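Participant: Once you have looked at the hints, place chain B on chain A.
Residues per chain are reported as follows:
Protein chains: 2
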Amino acid sequence: MSREVVLVARPEGEPRESDFELREAVDREPETGEVAVRNVLVSVDPYMRGRMRGMRTYVGPYELGDTVDGAAVGRVVASRHEGFGEGDWVVSSLGWRERGVAAGERLRKLDPTIVPPSTALGVLGAPGFTAWWGLVSVGRVEAGETIYVSGAAGAVGSAAVQLAKLKGLRVIGSAGSTEKVEWLESLGVEAFDYRETPAKEALVDGIDVYFDNVGGAQLESALFALRPFGRVIACGSISRYNDAAPQPGPRNLAFIVSKRLRIEGFIILDHMARFGEFVGEVAPLVRAGSITYRETILDGIENVPRAFAGLFNGDNVGKMLVRVGPD
Amino acid sequence: MSREVVLVARPEGEPRESDFELREAVDREPETGEVAVRNVLVSVDPYMRGRMRGMRTYVGPYELGDTVDGAAVGRVVASRHEGFGEGDWVVSSLGWRERGVAAGERLRKLDPTIVPPSTALGVLGAPGFTAWWGLVSVGRVEAGETIYVSGAAGAVGSAAVQLAKLKGLRVIGSAGSTEKVEWLESLGVEAFDYRETPAKEALVDGIDVYFDNVGGAQLESALFALRPFGRVIACGSISRYNDAAPQPGPRNLAFIVSKRLRIEGFIILDHMARFGEFVGEVAPLVRAGSITYRETILDGIENVPRAFAGLFNGDNVGKMLVRVGPD
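Chains as they are written, first to last, in the working numbering: chain A, 1 to 327; chain B, 1 to 327.
Bound-form chain A, shown alone:
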């Protein structure tokens, strides 16, 4: 008998424990073409907050009473798909549960001798791909440019700052604790704590690109700082996800015209055809230690809601994960 986390109420403001329920799942055996997986680490991601709202956007909402889907890594416990055998490490969309069954085509096998499987949820998974795609395809960054990354110590941000450094950019990053700032500085980032230093001050030299993970006041400061022909890589706005009602945007959107800015949003689900190219470029960098990563790991499936809520309080350094089983 395994357990899973079910959405039972649509969060208003900050997600609370009472919005979720831990339930016993009815385990079943895999049918032809399917694989049963015991999850080891499950991912909590900021984008999930949007899916809890109950409105269709680029993906359908989570329905009340359903287990929360999302990225997870685990081990195959039973396989009726020729591509997978017992004990294999896989990354799946099985989400917030201890055990699940999925079609083999929806799984990707991981080789734990190359990089730790947990990286498939972070620097070599959706967050890393988001950083890479944002820089390369949306921002079209060039060596010598200056980029500002907000939420720079998060899963996406910490990949973005390092990739940008490797591509020859000057990198400024913001985060919300001394520990995070020190980590970013160790990566060669000009880091500041946004709770202490107004972004406008930190960006006074000007920037060419803004990688926006945060929205709100950081976006307004970035619009002030952007040079002519600057770009905003619109990735997320975690500062706004818990707003009960939508808040007004920046007061300085007039800069879009006068500075000829481009603000562009993206969702990596649209670009999975390029995922292999991303892994091909970035996995060797991770293996070689040229790109490092950190993880904040809570223990036990009962702590998934707390881990998720913690994303919005900046509880995570690097990728936030929950361990729901042994390796």
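Worth flagging that the hints you see were computed from the coordinates, not collected in a lab. If you're wondering where the values come from, they're calculated on a predicted model, not measured in any experiment. Take these hints with a grain of salt, some might be off.
In this list, chains with the same sequence are indistinguishable; a pair is considered to hold if it fits within one copy or across any two.
[What the hints assert, rightly or not] Mimicking DSS-like on lysine-lysine, the simulated pairs with C-alpha atoms at most 30 Å apart in a straight line are:
no. : residue 1 : residue 2
1   : K200      : K259
2   : K200      : K109
3   : K165      : K200
4   : K167      : K259
5   : K200      : K167
Facilitator: For chain B alone, coordinates are given in the frame of chain A:
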């Protein structure tokens, strides 16, 4: 002795007559390479409001005590440049004055037998080029798409809606009077009066592209209506130019990510190398009557400030001009 309009105070809110002064100019003869021009029609344009603020953006501000520069068409009265002879029609940047002297290189000769010279200030001048560049290069519009153009009966808007129609788009346009709406309808535009119909209602079918001349509430409505991968051609925000203090932006910028929108600003001064291509494409359309235009013309240089202020009240149908001399 000729007259000119000088900026004597930086407007606060709506421009007032008292922000300007009509002065007698000290006329001079052209020196080698220069041409003396008697202006016939001078242009008043929304972008001028920004230059009156006193902050450098993409061009320097108007200085207090200076004549207001801008586009004008007129006749050569004396030439010391081999490219121009007395009586030639020219378009210049001589602005709000009855007579001026300019370097020949800064003038463009017009052939009044092809199209009326006034078109060089409107549909075949900066406003038309703005519409063309915005659609082609910024919006990259395609046949079959739906575009919404705000300020659709203005100089830029009325060129944009017609070019978009010719390119095979479904075109929705807004304007602020029954007369304007009727004109737009006669051009095949699905037009509405934004004072009577909320844009959100008029755009309920969804749009692919928004040509933004207005900003503010229209931008918010367009962001709601835009389909995935939609684009905002950020051209201007006339609803905001007279704000004493910057106002907050739309409440729904989160759509930029969830709908993967691209919002891009532009200034045609950056793209003058393509002006010839624009004229080559659009002048024949104007000549053939496939693209029509309207002009609102006030008489007498003393009415330039009133014409300018009128832009922000929607006094103009099509291009707003002031006649400062006979043909």
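Participant: Which numbered conditions among the earlier hints are violated in the structure presented, ordered from lowest to highest?
Facilitator: 2
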